[in-house]
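Colleague: The listed protein sequences derive, respectively, from chains A, B, C, D, E and F.
So that you can map any letter, position 114 of the first sequence is 114 in this note's numbering, and since no number is skipped, the others follow by simple counting.
In this note's numbering, each residue's number is its place in the second sequence (first place is 1) plus 162.
In this note's numbering, each residue's number is its place in the third sequence (first place is 1) plus 324.
In this note's numbering, each residue's number is its place in the fourth sequence (first place is 1) plus 486.
In this note's numbering, each residue's number is its place in the fifth sequence (first place is 1) plus 648.
In this note's numbering, each residue's number is its place in the sixth sequence (first place is 1) plus 810.
Treat each hint with caution, since some may be false.
BS3-like, lysine-lysine: derived pairs with alpha carbons at most 30 Å apart [unchecked claim]:
1. D:K639 / C:K363
2. F:K849 / E:K671
3. E:K687 / F:K833
4. B:K185 / A:K39
5. E:K671 / E:K801
6. E:K687 / C:K347
7. D:K525 / C:K477
8. B:K201 / A:K153
9. C:K363 / B:K185
10. B:K201 / A:K23
11. F:K963 / A:K23
12. D:K525 / D:K639
13. D:K509 / C:K477
14. A:K23 / D:K525
15. F:K833 / D:K639
16. C:K477 / C:K363
17. C:K347 / E:K801
18. B:K315 / A:K39
19. B:K185 / E:K687
20. B:K315 / E:K671
21. C:K347 / D:K639
22. F:K849 / A:K23
23. B:K185 / C:K347
24. F:K833 / D:K509
25. B:K201 / B:K315
26. A:K153 / A:K23
27. F:K849 / E:K801
28. E:K801 / F:K963
Source of the hints: derived by calculation from the structure; they are not laboratory data.
Number of protein chains: 6
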Amino acid sequence: MTGKGLTHIDEHGEARMVDVSAKEVTERVAVAGASVWMKPETLRMVIEGTAKKGDVLGTAKLAGIMAAKRTHELIPLCHPLQLSHIDVTLQPVEEASRIDVRATCRLAGRTGVEMEALTAASVACLTLYDMVKAVDRGVVIGDIRLVEKSGGKSGHYTAPEA
Amino acid sequence: MTGKGLTHIDEHGEARMVDVSAKEVTERVAVAGASVWMKPETLRMVIEGTAKKGDVLGTAKLAGIMAAKRTHELIPLCHPLQLSHIDVTLQPVEEASRIDVRATCRLAGRTGVEMEALTAASVACLTLYDMVKAVDRGVVIGDIRLVEKSGGKSGHYTAPEA
Amino acid sequence: MTGKGLTHIDEHGEARMVDVSAKEVTERVAVAGASVWMKPETLRMVIEGTAKKGDVLGTAKLAGIMAAKRTHELIPLCHPLQLSHIDVTLQPVEEASRIDVRATCRLAGRTGVEMEALTAASVACLTLYDMVKAVDRGVVIGDIRLVEKSGGKSGHYTAPEA
Amino acid sequence: MTGKGLTHIDEHGEARMVDVSAKEVTERVAVAGASVWMKPETLRMVIEGTAKKGDVLGTAKLAGIMAAKRTHELIPLCHPLQLSHIDVTLQPVEEASRIDVRATCRLAGRTGVEMEALTAASVACLTLYDMVKAVDRGVVIGDIRLVEKSGGKSGHYTAPEA
Amino acid sequence: MTGKGLTHIDEHGEARMVDVSAKEVTERVAVAGASVWMKPETLRMVIEGTAKKGDVLGTAKLAGIMAAKRTHELIPLCHPLQLSHIDVTLQPVEEASRIDVRATCRLAGRTGVEMEALTAASVACLTLYDMVKAVDRGVVIGDIRLVEKSGGKSGHYTAPEA
Amino acid sequence: MTGKGLTHIDEHGEARMVDVSAKEVTERVAVAGASVWMKPETLRMVIEGTAKKGDVLGTAKLAGIMAAKRTHELIPLCHPLQLSHIDVTLQPVEEASRIDVRATCRLAGRTGVEMEALTAASVACLTLYDMVKAVDRGVVIGDIRLVEKSGGKSGHYTAPEA
């Protein structure tokens with residue numbers, strides 16, 4: 001990490017937005033992952049609800065997609081972006097009593113979209129939480145991380161665990 | 163869990179907002195916790211930056227506070243609320259190479275504020291992530307959970323691990 | 325209409341927000357209706373998609389609920405409100421080749437909620453439009469109107485055609 | 487309609503955002519129309535108010551313009567766009583006791599702007615409704631439709647009735 | 649100022665939101681003032697435009713009203729509020745070549761509304777600026793201040809110069 | 811000013827958004843200035859707080875940056891933009907008992923960014939006001955103006971007083 005500092009902190013230690021004017025416009029993609037752990041009976045309720053009408057997972061998916069578009073309003077130093085694609089998938093993993101969330105964002109632009117993908121995944125998880133909290137107070141959201149990233153000068157990145 | 167179903171899913175399996183018209187106005191408080199794991203050298207950069215000007219932690223704190231106010235815009239079935247207090251604290255835990263976030267929301271109203279606290283904690287974590295991502299791609303956000311809750315008919319709750 | 329003028333226009337003809345400080349806090353409910361006409365084969369696609377996963381109608385429903393919460397941001401002279409309940413239902417009417425939307429909003433407050441119900445219904449319709457526009461350019465949204473209203477000093481109202 | 491399905495529904499029946507990464511950047515224009523029917527005496531009030539200060543129509547116009555900029559926040563699967571132009575006009579039609587609204591949006595981009603034009607027209611109508619509802623409960627909004635569209639691979643489109 | 653510190657800074661020097669849970673619900677009113685100076689010929693254009701259709705001043709007025717509703721989104725430590733009334737007036741003062749703006753906000757609540765009034769006045773001024781900037785680059789906005797305030801434990805306040 | 815009129819007012823005197831479709835994409839920069847006057851003891855509190863943790867000035871800075879991104883939501887006829895850089899600095903001027911704010915916005919686009927810089931400066935000032943208002947009711951915000959502008963067909967501009 002020699003020679004690199006926190007890009008959002010200037011020489012006086014103050015928060016700052018990175019100037020992306022001079023960055024190249026390239027196709028950028030980021031994939032974020034996250035998981036929501038709940039009781040087995042809660043997960044079964046979600047899955048059965050899903051089997052019938054798909055609404056718990058469907059609602060979380062839409063909330064994640066909509067949140068990605070508002071990332072720059074939530075994260076103070078993020079740039080406003082014109083995402084060309086957002087996708088959020090939710091996969092129940094019964095043996096681990098959890099739901100895995102994966103969010104993908106895409107942009108032809110000057111800055112990476114990992115914060116957009118991470119925000120989409122986080123809000124999808126929070127929405128799941130909201131929909132089951134009345135029957136399960138012990139829900140935990142975690143493992144929110146960058147899974148894959150491409151575009152920009154730093155090249156392709158795949159998380160070790162992915 | 164006998165006799166209880168997912169409150170946000172109606173008898174036809176469709177997503178719905180809970181009607182809180184008949185709920186009592188009581189003083190409601192919720193505390194949410196979350197953690198952000200990063201490399202030791204990243205954490206040191208944050209702490210040193212903090213020692214000087216406090217900006218990484220200060221920015222995350224403000225982002226969390228501001229996000230709590232927008233919870234109902236992000237989580238589809240949450241009610242708009244007039245929070246009377248929001249607090250977010252961030253505590254570096256050097257031996258575990260992580261930062262612990264705690265968010266507290268307070269309201270005199272008809273509905274609980276755990277989603278507001280969880281949203282504040284989540285967005286504070288995402289902001290931390292954003293500010294260190296240039297030097298550390300392996301940051302992970304997790305352990306987002308309800309720590310404590312009071313007010314409303316379900317009484318006082320403290321998470322087992324708290 | 326003797327003795328009554330446009331409440332949003334003051335004596336100088338300028339737009340103004342109605343002052344609701346002195347109005348009574350009562351339980352207020354408003355129901356708005358709207359319809360979306362499309363080709364029979366488009367409607368069949370929506371219904372079949374619905375039968376499987378419910379997403380076209382489910383997405384429109386959520387969009388309507390979320391829009392109700394933002395009415396005061398869209399309609400310049402509307403007051404910010406803390407709605408206690410929002411519901412949006414969508415009913416395909418195959419023989420008329422249309423989908424009927426009904427939105428209900430509820431509030432214990434000083435001002436009526438018909439604009440919130442009308443906004444929810446309108447945005448649900450726009451979302452339906454968005455999801456079928458690639459296969460049907462002739463979709464028409466209409467019949468957006470107040471169906472029922474109660475609470476406040478003007479008493480209960482039911483639209484003649486309801 | 488052979489070979490075409492609902493673009494917002496994927497093969498599993500779930501809602502999805504269309505990926506526009508590969509679409510061409512072209513000049514895109516969309517014109518939407520809508521109408522608001524009211525009692526003759528309500529319309530006269532609006533027109534007379536207009537003659538003096540223009541505020542009912544002026545307020546609706548601005549609300550429509552501002553709403554177009556927020557379309558992607560309201561319609562879940564719409565992309566955020568940088569509209570280069572938005573125009574909304576309102577034309578009282580006394581013989582039919584209605585006001586005709588027309589909204590035009592323009593963009594150099596990868597996706598059509600009909601949802602932006604339709605949203606602008608709808609919110610202009612809702613604002614008209616809001617401003618006259620105290621004197622006329624029977625107002626109806628309708629005939630919200632695409633009038634004209636150009637740009638993109640599907641070429642120029644003019645609605646039959648336009 | 650003995651015994652009083654900055655209420656938004658806690659004992660550790662960090663920004664914080666004031667907890668208003670224990671404050672009394674009273675009728676609160678705040679009036680803010682502001683002025684926009686421009687060239688005499690610019691002011692004349694505004695006034696003449698106003699004489700015809702009222703749009704420069706009308707647009708600024710609406711922008712101010714709408715901005716008041718979003719104060720808590722803009723000012724990090726402001727509480728979300730349900731304003732019961734917002735009014736913005738604009739008065740051209742030809743002899744001083746300026747426009748005076750006055751914004752009034754009203755609330756039955758636990759916290760003062762001066763930030764809402766100041767935000768309304770500021771955004772009305774910025775909107776005036778936007779509408780004349782093409783013909784006058786030397787416009788200056790100033791004298792943004794609290795004019796009058798009542799409600800809450802600090803009693804009635806009138807600015808010395810008011 | 812011969813041959814030039816208010817660009818936001820059309821031939822009928824109605825408000826309108828300027829169509830920027832045909833404008834060239836150039837690198838555009840705008841710098842806005844503003845000042846906040848307060849009592850000497852208030853300023854000292856801010857500076858001392860700053861010396862310790864930087865939160866009053868840090869909070870105002872972030873609020874300014876975040877507000878710039880929302881300019882098009884606040885100013886009715888502004889275009890949505892993808893700013894590539896926003897910076898806000900705050901400089902206490904003890905001898906004049908004021909804080910000077912300077913906001914810089916940057917964009918590769920079709921329209922100038924002075925409104926974004928002016929909005930950032932204004933909201934930073936309002937945030938300063940909010941944080942000291944409990945100890946100083948006589949705070950005044952002023953001297954909000956364009957300091958410098960480049961890009962676009964009108965060339966480089968520097969305010970006389972800058």
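Colleague: Would you mind marking each hint as holding or not holding in the structure?
Modeller: Now for the hints, and whether the structure bears them out:
| no. | hint | in the structure |
| --- | --- | --- |
| 1 | D:K639 / C:K363 | holds, 23 Å |
| 2 | F:K849 / E:K671 | holds, 27 Å |
| 3 | E:K687 / F:K833 | holds, 27 Å |
| 4 | B:K185 / A:K39 | holds, 27 Å |
| 5 | E:K671 / E:K801 | holds, 9 Å |
| 6 | E:K687 / C:K347 | violated, 44 Å |
| 7 | D:K525 / C:K477 | holds, 23 Å |
| 8 | B:K201 / A:K153 | holds, 23 Å |
| 9 | C:K363 / B:K185 | violated, 44 Å |
| 10 | B:K201 / A:K23 | holds, 27 Å |
| 11 | F:K963 / A:K23 | holds, 24 Å |
| 12 | D:K525 / D:K639 | violated, 43 Å |
| 13 | D:K509 / C:K477 | violated, 54 Å |
| 14 | A:K23 / D:K525 | violated, 58 Å |
| 15 | F:K833 / D:K639 | holds, 24 Å |
| 16 | C:K477 / C:K363 | violated, 43 Å |
| 17 | C:K347 / E:K801 | holds, 24 Å |
| 18 | B:K315 / A:K39 | holds, 23 Å |
| 19 | B:K185 / E:K687 | violated, 58 Å |
| 20 | B:K315 / E:K671 | holds, 24 Å |
| 21 | C:K347 / D:K639 | violated, 54 Å |
| 22 | F:K849 / A:K23 | violated, 44 Å |
| 23 | B:K185 / C:K347 | holds, 22 Å |
| 24 | F:K833 / D:K509 | holds, 22 Å |
| 25 | B:K201 / B:K315 | violated, 43 Å |
| 26 | A:K153 / A:K23 | holds, 9 Å |
| 27 | F:K849 / E:K801 | holds, 23 Å |
| 28 | E:K801 / F:K963 | violated, 55 Å |
In summary, the structure is inconsistent with hints 6, 9, 12, 13, 14, 16, 19, 21, 22, 25 and 28 from the numbered list given earlier, while agreeing with the others.
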